[in-house]
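Peer 1: Taking the numbering used here, the leading residue of the sequence shown gets 385, the next gets one more, and so forth.
Derived from the structure by calculation, the hints contain no laboratory data. Note that the structure is predicted; figures quoted are calculated from it, not measured. Every residue, glycine too, gets a C-beta built ideally from N, C-alpha and C. There's no promise every hint is true.
Between beta-carbon pairs, the in silico distance windows are [stated by the list, open to error]:
hint, residue 1, residue 2, range
1, Gly428, Leu396, 31 to 37 Å
2, Ile432, Trp403, 17 to 23 Å
3, Glu413, Phe433, 25 to 31 Å
4, Trp398, Arg441, 27 to 33 Å
5, Ala395, Thr419, 29 to 35 Å
6, Met440, Thr416, 16 to 22 Å
7, Thr390, Gly412, 31 to 37 Å
8, Lys387, Thr419, 28 to 34 Å
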Amino acid sequence: MRKRNTLLVLALLWSVLFWAVIDAARRGELSTAATIALLLILLGVTPIFWRLFRRMRERP
385 MRKRNTLLVL ALLWSVLFWA VIDAARRGEL STAATIALLL ILLGVTPIFW RLFRRMRERP
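I would like the entire structure built from these sequences, with the hints used as guidance.
Peer 2: Right, dumping it as structure tokens:
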């Protein structure tokens, strides 16, 4: 249960960071290159989250 809660907190943190980057880009606080780099980094972490969530679902 503790591991699942940790994964949920990490997923929530990921989504907040994703939307913060989008919001900063919309307001002009980030350059296009910085926005693309940050989004690619965040999207690169996504498969790791999916694997961890799948493992947690498979366990009893």
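Peer 1: Indicate, hint by hint, whether the structure satisfies it.
Peer 2: Evaluation of the provided hints:
no. : hint                         : in the structure
1   : Gly428 to Leu396: 31 to 37 Å : 18 Å, violated
2   : Ile432 to Trp403: 17 to 23 Å : 19 Å, holds
3   : Glu413 to Phe433: 25 to 31 Å : 26 Å, holds
4   : Trp398 to Arg441: 27 to 33 Å : 18 Å, violated
5   : Ala395 to Thr419: 29 to 35 Å : 21 Å, violated
6   : Met440 to Thr416: 16 to 22 Å : 37 Å, violated
7   : Thr390 to Gly412: 31 to 37 Å : 35 Å, holds
8   : Lys387 to Thr419: 28 to 34 Å : 32 Å, holds
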